[in-house]
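Protein chains: 2
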Amino acid sequence: MNSITVKSPASVANLCCGFDIMGIALSGLYDVMKLTKRDEPGISIKHTDRYNLSENPSENVAGVALQAMMDALKYTNGFDVVIDKQIKPGSGIGSSAASATGIVVAANELLGKPFGKKELVSFAMEGEALASGSRHADNLAPCIYGGLTLIRETSTLDIIELPIPPMYVNIIHPQIEIKTSYARQILPKEVPLKSAITQWANVAGLIAGFIKSDYGLISRSLNDVIVEPVRSKLIPGFDQVKKKSIEAGALGGGIAGSGPSLFMFSENISIAQAVEEEMKTVYQDLGIEYKTYITTIGEGIIVESLS
Amino acid sequence: MNSITVKSPASVANLCCGFDIMGIALSGLYDVMKLTKRDEPGISIKHTDRYNLSENPSENVAGVALQAMMDALKYTNGFDVVIDKQIKPGSGIGSSAASATGIVVAANELLGKPFGKKELVSFAMEGEALASGSRHADNLAPCIYGGLTLIRETSTLDIIELPIPPMYVNIIHPQIEIKTSYARQILPKEVPLKSAITQWANVAGLIAGFIKSDYGLISRSLNDVIVEPVRSKLIPGFDQVKKKSIEAGALGGGIAGSGPSLFMFSENISIAQAVEEEMKTVYQDLGIEYKTYITTIGEGIIVESLS
Numbered sequence: 000m001n002s003i004t005v006k007s008p009a010s011v012a013n014l015c016c017g018f019d020i021m022g023i024a025l026s027g028l029y030d031v032m033k034l035t036k037r038d039e040p041g042i043s044i045k046h047t048d049r050y051n052l053s054e055n056p057s058e059n060v061a062g063v064a065l066q067a068m069m070d071a072l073k074y075t076n077g078f079d080v081v082i083d084k085q086i087k088p089g090s091g092i093g094s095s096a097a098s099a100t101g102i103v104v105a106a107n108e109l110l111g112k113p114f115g116k117k118e119l120v121s122f123a124m125e126g127e128a129l130a131s132g133s134r135h136a137d138n139l140a141p142c143i144y145g146g147l148t149l150i151r152e153t154s155t156l157d158i159i160e161l162p163i164p165p166m167y168v169n170i171i172h173p174q175i176e177i178k179t180s181y182a183r184q185i186l187p188k189e190v191p192l193k194s195a196i197t198q199w200a201n202v203a204g205l206i207a208g209f210i211k212s213d214y215g216l217i218s219r220s221l222n223d224v225i226v227e228p229v230r231s232k233l234i235p236g237f238d239q240v241k242k243k244s245i246e247a248g249a250l251g252g253g254i255a256g257s258g259p260s261l262f263m264f265s266e267n268i269s270i271a272q273a274v275e276e277e278m279k280t281v282y283q284d285l286g287i288e289y290k291t292y293i294t295t296i297g298e299g300i301i302v303e304s305l306s
Numbered sequence: 000m001n002s003i004t005v006k007s008p009a010s011v012a013n014l015c016c017g018f019d020i021m022g023i024a025l026s027g028l029y030d031v032m033k034l035t036k037r038d039e040p041g042i043s044i045k046h047t048d049r050y051n052l053s054e055n056p057s058e059n060v061a062g063v064a065l066q067a068m069m070d071a072l073k074y075t076n077g078f079d080v081v082i083d084k085q086i087k088p089g090s091g092i093g094s095s096a097a098s099a100t101g102i103v104v105a106a107n108e109l110l111g112k113p114f115g116k117k118e119l120v121s122f123a124m125e126g127e128a129l130a131s132g133s134r135h136a137d138n139l140a141p142c143i144y145g146g147l148t149l150i151r152e153t154s155t156l157d158i159i160e161l162p163i164p165p166m167y168v169n170i171i172h173p174q175i176e177i178k179t180s181y182a183r184q185i186l187p188k189e190v191p192l193k194s195a196i197t198q199w200a201n202v203a204g205l206i207a208g209f210i211k212s213d214y215g216l217i218s219r220s221l222n223d224v225i226v227e228p229v230r231s232k233l234i235p236g237f238d239q240v241k242k243k244s245i246e247a248g249a250l251g252g253g254i255a256g257s258g259p260s261l262f263m264f265s266e267n268i269s270i271a272q273a274v275e276e277e278m279k280t281v282y283q284d285l286g287i288e289y290k291t292y293i294t295t296i297g298e299g300i301i302v303e304s305l306s
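In order, the protein sequences belong to chains P and Y.
Residue numbering for the first sequence follows numbering that gives the first Met the number 0, beginning at 0 and increasing consecutively.
Residue numbering for the second sequence follows numbering that gives the first Met the number 0, beginning at 0 and increasing consecutively.
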């Protein structure tokens, strides 16, 4: 095997109350990456998309992640990488995570799977750190494991796969920019104990709801009393989108990662379509450009071809 | 049916990281309550135990809970109640909850089950409020539902039954007094966001561990970075008991409710026996009287006889 093509998905981290600990992979929205082994050492990266990302491997999320893996293997040959990024950087739905995970999963396949999933997450974290400035795995783990993952602890990478029932996921990406570092900077350093208890009660309820496929419980638990009240102020139209989506039948939702994209869960496609119409209307009225997607919870990275 | 005898169990609230939201029923440690219908209105209470609790129904946890239920039914006849309390008041393992729940479950049986479990919890809360000064259901719900319960929200009583794998539960009750109100008063009003995130990550891990019967994950998640560091200072020997218990093979544990009892989970009886020996040694060395129990997670209130 010399060449592999993978699709690496968008993802949603946090899921309201699950700030910094949970994430899901999405289906239907992927970066496409082709990786070819070569005899010469080093990594060459070519982007065929329109996002003007650096093709210098040490300044490219995918390059840094792949290099971390090659270093661990003491791999002396090289790779040619072609990336067609379809998940816009800075959208809040795991664009850098898709790059960082897609490339290490692809290389691992090509090399006969020397590494397990957890090790792949740790290599991908090196790339993610380049993009966000902090070591987080909440977008990475769902890309590699698929579905819903919990990161109980980041330093030891205690990753837990959790069940989640079928749901439709609306994404709306208003074309504004929020820096992840700024979204992190405005968080309070201290929070009321009472709010913290409310938050962990909702985290517990959300996981219980996922496990029991109890959509009512999921809906009641999709509630973030700590981060959303602060970060939602950075996103014009947030309150309206949330209110209108829930009126249209959505189970709930909020900010995807650190934004600006918003997500909503729905039980069926017709609700998701109604939610999308409401979301569009809000941003049309505000005169803000947007992109919307109706998708589902996905299985993570998909190997397209191997030759 | 005129008369019923029930056994109402001890319980452990909080379970480390699950402060204020989780609780389990225990087996093997029960108050015994006999309830007999009578034609005259009112409630008469007789205690056959040695705890000198008030037998005035309006000053007795069981009396207040039963009265709340009778008021809801507009019930005009009365009850004779005999209580043999075996769970020492102030022990931290739900003595008042056993009284408050046992009596309403017993009366509900006698009256042909007019109420569901959630309504019974709400009547029992009236009694619990008399004992603790605050409306909490984390000890009540497991007595009525059995096993492990989550209280996602107290005001609407959003109670969720959760699976929990078989475990042995060590309880040690050092014979010191901690007032629930004081244990609550010393809690910080604000907590670092970072600690709160650690706590809800552990809550998520603990529930996932219970659901997957993953004892390793349960062990890693039984970690309270917010309440235990403050409250454990009120309990002599706490750090030693915890350290020695874990060295003896316990999965983990901490303060039962607001203390002073401590609990530890273990995977099998021989570990639980070793843990008990370690616990005893700590309090013998400290010269503090104690009681210990080795028990399991229980099914909640048991109807002993109905005639």
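Just so you know, the hints here were simulated from the structure itself, not pulled from any lab data.
Just so we're clear, the structure is a prediction, and the values are computed from it rather than from any experiment.
In this text, a Cβ means the ideal position worked out from N, Cα and C, and glycines have one as well.
Any given hint could be a false lead.
[What the hints assert, rightly or not] With a cut-off of at most 25 Å between alpha-carbon atoms, the simulated SDA-like pairs for lysine to any residue come out as follows:
(1) P/188 <-> Y/227
(2) Y/188 <-> P/211
(3) P/211 <-> Y/164
(4) P/211 <-> Y/214
[As the list claims (entries may be wrong)] Between beta-carbon pairs, the in silico distance windows are:
(5) Y/160 <-> P/0: 24 to 34 Å
(6) Y/268 <-> P/238: 47 to 57 Å
(7) P/214 <-> Y/134: 24 to 34 Å
(8) Y/40 <-> P/232: 57 to 67 Å
(9) P/212 <-> Y/302: 27 to 37 Å
(10) Y/302 <-> P/268: 30 to 40 Å
(11) P/41 <-> Y/160: 53 to 63 Å
(12) Y/193 <-> P/267: 51 to 61 Å
(13) P/232 <-> Y/117: 51 to 61 Å
(14) P/238 <-> Y/133: 26 to 36 Å
(15) Y/188 <-> P/115: 42 to 52 Å
(16) P/113 <-> Y/302: 41 to 51 Å
(17) Y/238 <-> P/54: 39 to 49 Å
[Stated by the list, open to error] Over the 12 Å line for every Cβ pair with chain Y, so calculated as not near, a few chain P residues:
(18) 4
(19) 77
(20) 222
(21) 233
Okay, residue 40 of chain Y versus residue 232 of chain P on CB: inside 57 to 67 Å? holds (58 Å)
Minimum Cβ-Cβ distance from residue 77 of chain P to chain Y exceeds 12 Å: holds (38 Å)
Is it true that the C-beta distance of residue 193 of chain Y to residue 267 of chain P lies inside 51 to 61 Å, as the hint says? violated (39 Å)
Quick check on a hinted range of 42 to 52 Å for residue 188 of chain Y and residue 115 of chain P, using CB atoms only. Holds, since residue 188 of chain Y and residue 115 of chain P (Cβ atoms, about 44 Å apart) stay within the stated range.
CB of residue 238 of chain Y to CB of residue 54 of chain P, is that within 39 to 49 Å? Violated - the Cβ-Cβ distance for residue 238 of chain Y and residue 54 of chain P, about 55 Å, lies outside 39 to 49 Å.
Given the range 30 to 40 Å, decide if the beta-carbon distance of residue 302 of chain Y to residue 268 of chain P lies inside it. violated (48 Å)
Minimum C-beta separation from residue 4 of chain P to chain Y exceeding 12 Å: can you confirm that? Residue 4 of chain P clear of chain Y: closest Cβ-Cβ about 34 Å, beyond 12 Å.
Within 41 to 51 Å: is that where the Cβ-Cβ distance between residue 113 of chain P and residue 302 of chain Y falls? violated (60 Å)
Honestly, do residue 232 of chain P and residue 117 of chain Y meet the 51 to 61 Å range at C-beta? Once the Cβ atoms are compared, 37 Å apart, the range 51 to 61 Å for residue 117 of chain Y and residue 232 of chain P is violated.
Mind checking the hinted window 24 to 34 Å against the Cβ distance between residue 214 of chain P and residue 134 of chain Y? holds (28 Å)
Verdict for residue 212 of chain P, residue 302 of chain Y (Cβ pair) under range 27 to 37 Å: holds (32 Å)
Decide, holds or violated, for the assertion that all CB atoms of chain Y are farther than 12 Å from the CB of residue 222 of chain P. violated (9 Å)
Hint violations for this structure: numbers 2, 5, 10, 12, 13, 16, 17 and 20, all remaining hints satisfied.
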